[in-house]
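Q: Sequence:
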Amino acid sequence: MSNPSKLDTLVAEISGTAESEYIGLYKQIPFRVRLPLFARLSALHTIQNSHNKTPRNALLNDLLEIAMDQVMFKLDEETLEALGHLEAQYYEELSQYDSGELSDD
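Residue numbers (the working numbering): -13 to 91.
A hint or two may mislead.
Said to hold, decoys possible - Listed below are the simulated DSSO-like cross-link pairs for lysine-lysine, each with C-alpha atoms no more than 30 Å apart in a straight line: (1) Lys60 / Lys13; (2) Lys(-8) / Lys13; (3) Lys39 / Lys13; (4) Lys60 / Lys(-8); (5) Lys39 / Lys(-8).
Since the hints were made in silico from the structure, they are not lab data.
Start from the sequences and build out the full structure, keeping to the hints where you can.
A: The following block contains the structure:
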């Protein structure tokens, strides 16, 4: 039996049949969301919170990770390699600073 995908895990969290913990470094960034997406995000977050109290930032991180994984799956090898190098450079640079947390407070 294989492990559930990140998407499967998130769907289970939203439906209340699973929960997970979030660890690691976080970077706070300003981010504007289109109103229809924010309405959908708010609805998903409300449903998820009815089962298990989860910060909205955690849900956003999960959604971004799932979407980025899907995009990376479609990239050609050359672009994927360039992305990996750039990602490592950014991570090295950004990890020198104190981490934030996922709390919405």
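Q: Has the given pair, lysine 39 with lysine 13, been kept, meaning a C-alpha gap of at most 30 Å?
A: holds, 21 Å
Q: Within a Cα-Cα threshold of 30 Å, do lysine 60 and lysine -8 meet the stated pairing?
A: Given pair lysine 60, lysine -8 holds - Cα atoms ~17 Å apart, limit 30 Å.
Q: Does the alpha-carbon distance linking lysine -8 and lysine 13 stay inside the 30 Å limit?
A: holds, 21 Å
Q: Straight-line Cα separation of lysine 60 and lysine 13 no greater than 30 Å?
A: Between lysine 60 and lysine 13 the Cα gap is close to 26 Å, so the pair holds against 30 Å.
Q: Checking one constraint from the list: CA of lysine 39 to CA of lysine -8, max 30 Å. Satisfied?
A: Given that 30 Å is the threshold and the Cα spacing comes to 19 Å, the pair holds.
Hint compliance for this structure: no hint is broken.
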